[in-house]
Amino acid sequence: MQTVDLQEMGLRGVNAALHAQADDTNQTAWTIENAKGAHAIACGLDAPIEVTVKGSTGYYCGGMNQQATIKIDGSAGPGTGENMMSGKIVIEGDASQYLGATAHGGMIVVKGNASSRCGISMKGVNIVVQGNIGHMSAFMGQSGNLVVCGDAGDALGDSCYEARFFVRGSVKSLGADCEKKEMRSEHLTLLQGLLDEAGIDADPKDFTRYGSARNLYNFDVDNAAAY
Amino acid sequence: MCGIVGLFLKDKSLEPELGKMLTSMLITMTDRGPDSAGIAIYGDESKGSSKMTVQSDAPDLEFAGLESALSDALGGTVSMKVISTHAVLSIPAGSFEKARQTLSEVRPNVRIMSRGDTLEIYKEVGLPKDVAARFDVSSMSGTHGIGHTRMATESAVTTMGAHPFNTGDDQCLVHNGSLSNHNSLRRKLRREGIHIETENDTEVGAAYLTWKMREGATLGEALESALDDLDGFFTFLVGTKDGFGVVRDPIACKPAVMAETDQYVAFGSEYRALVDLPGIETARVWEPEPATVYFWSHNTLPTNTEKAA
Numbered sequence: 020m021q022t023v024d025l026q027e028m029g030l031r032g033v034n035a036a037l038h039a040q041a042d043d044t045n046q047t048a049w050t051i052e053n054a055k056g057a058h059a060i061a062c063g064l065d066a067p068i069e070v071t072v073k074g075s076t077g078y079y080c081g082g083m084n085q086q087a088t089i090k091i092d093g094s095a096g097p098g099t100g101e102n103m104m105s106g107k108i109v110i111e112g113d114a115s116q117y118l119g120a121t122a123h124g125g126m127i128v129v130k131g132n133a134s135s136r137c138g139i140s141m142k143g144v145n146i147v148v149q150g151n152i153g154h155m156s157a158f159m160g161q162s163g164n165l166v167v168c169g170d171a172g173d174a175l176g177d178s179c180y181e182a183r184f185f186v187r188g189s190v191k192s193l194g195a196d197c198e199k200k201e202m203r204s205e206h207l208t209l210l211q212g213l214l215d216e217a218g219i220d221a222d223p224k225d226f227t228r229y230g231s232a233r234n235l236y237n238f239d240v241d242n243a244a245a246y
Numbered sequence: 623m624c625g626i627v628g629l630f631l632k633d634k635s636l637e638p639e640l641g642k643m644l645t646s647m648l649i650t651m652t653d654r655g656p657d658s659a660g661i662a663i664y665g666d667e668s669k670g671s672s673k674m675t676v677q678s679d680a681p682d683l684e685f686a687g688l689e690s691a692l693s694d695a696l697g698g699t700v701s702m703k704v705i706s707t708h709a710v711l712s713i714p715a716g717s718f719e720k721a722r723q724t725l726s727e728v729r730p731n732v733r734i735m736s737r738g739d740t741l742e743i744y745k746e747v748g749l750p751k752d753v754a755a756r757f758d759v760s761s762m763s764g765t766h767g768i769g770h771t772r773m774a775t776e777s778a779v780t781t782m783g784a785h786p787f788n789t790g791d792d793q794c795l796v797h798n799g800s801l802s803n804h805n806s807l808r809r810k811l812r813r814e815g816i817h818i819e820t821e822n823d824t825e826v827g828a829a830y831l832t833w834k835m836r837e838g839a840t841l842g843e844a845l846e847s848a849l850d851d852l853d854g855f856f857t858f859l860v861g862t863k864d865g866f867g868v869v870r871d872p873i874a875c876k877p878a879v880m881a882e883t884d885q886y887v888a889f890g891s892e893y894r895a896l897v898d899l900p901g902i903e904t905a906r907v908w909e910p911e912p913a914t915v916y917f918w919s920h921n922t923l924p925t926n927t928e929k930a931a
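These protein sequence lines are chains A and B, in that order.
Note that the working numbering has the first sequence beginning at 20, numbered continuously upward.
Note that the working numbering has the second sequence beginning at 623, numbered continuously upward.
No lab work stands behind these hints, which were simulated from the structure alone.
One or more of the hints may lead you astray.
[As the list claims (entries may be wrong)] Pair ranges (Cβ atoms, derived):
| no. | chain 1 | residue 1 | chain 2 | residue 2 | range |
| --- | --- | --- | --- | --- | --- |
| 1 | B | Lys632 | A | Gly188 | 27 to 35 Å |
| 2 | B | Ala686 | A | Ala36 | 56 to 64 Å |
| 3 | B | Pro872 | A | Leu207 | 30 to 38 Å |
| 4 | A | Gly169 | B | Arg756 | 53 to 61 Å |
We put the beta carbon where it would ideally sit given N, CA and C, even for glycine.
Please model the entire structure based on the sequences and the hints provided.
Shown next as structure tokens:
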């Protein structure tokens, strides 16, 4: 176990040490102490290591992550896991706005609530939130799954493509071209797998699936006069 | 981008530390606003008099003999405490309008920063650490205070463009964001007789609240109607004699974090502004909801009212 103090080592020092880890590193477990809400902690990692951040983080923690597992022992600031490619981020507290924006792969788990624009323009990431999510979540979501064990705010899935949304609680409103969908057996299996991977105990049968109505995919000639 | 901090003390024993705590929070927010900084502090009240904080670019010249000039005009005792480019004048209660009139005649270049029973506003161009040191903010005590670090987007970097803005007796406003309909709103408010000094968007926001309250709205009602009438992005923190309030626009893209313990309620644009507060590890930390007006007051229980976007 490697333990580093962010205040002593500085952000660049800590991130450089993490970036120096190769695929076959023996230093697989790292703890970052004294995070104190700093920005860009553990950004751009590309090694199968486990990083635990003690305390809450600021903007963009775990951004662009590949392979690494990052655990935040607190709440996470805006843009956490932005453009993540693979690996896993687990947030013990709440997550601020635009969690996992444009992320292509991997999984993000939030034990508390996630704020507005959660999973905006998601491109393949799986996001599992134990609490609620804010407004405009999964706006323009293209691929991947957003699982919400609590409630969703206004305009869920506005202008979405093929991302899937599973919500256990209420949805304050659906965004343009987002609709409720049938929960078929393959979706129950998929959701069970996501919940298991996230370590959350919930029954897939309690969730409702939402997704694209696919009306915005093609231009409707009746709207020609609108432009 | 701008930075906002605020601290509302529940524990009286922390009052002597208010300036010190706010200074540390303010300096942490330098990255968000390095061009100017300001602080509104709610301190002592003395019966029969109220405070008027003024500013001058030539304080040695302009402040000399100011208290006797005002004293003669107002017919009561006026005392003055000069702190760098600012001076806090203690004037007889109820004499503000006359004091403002007199000041515009005897010292036309002196600007009024704030008025009220307990409020003092200090703001200048410069790095937050330099502004805080210039006014020795860390030595100030009080019941609550708010601070702002500015990165200008809508208007010039000047003292009058810095925040907080005074909106009425003991009321002030700081803003993170940008208003897009400030030009049309400024014209409307000027027609209504509201004095607006600069081309700054936030001053229009402050003037809007002043106008609403002149028309009979409470501060809470004025903030709720601001959600309808102000176009653009904003996280507002408003100070009152008894406490402070928070409101964010419905889109809520400007960040805001709050923390509450038995000792205080704190506001920061980012969590890192709050990390040195006592007991922050176990505080309740959350983000204020969009389009929702929150208030904390020394007189009443906290309230929050949601308004549909």
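Taking the numbered hints from earlier one at a time, note which ones the structure violates and give those numbers from smallest to largest. 4
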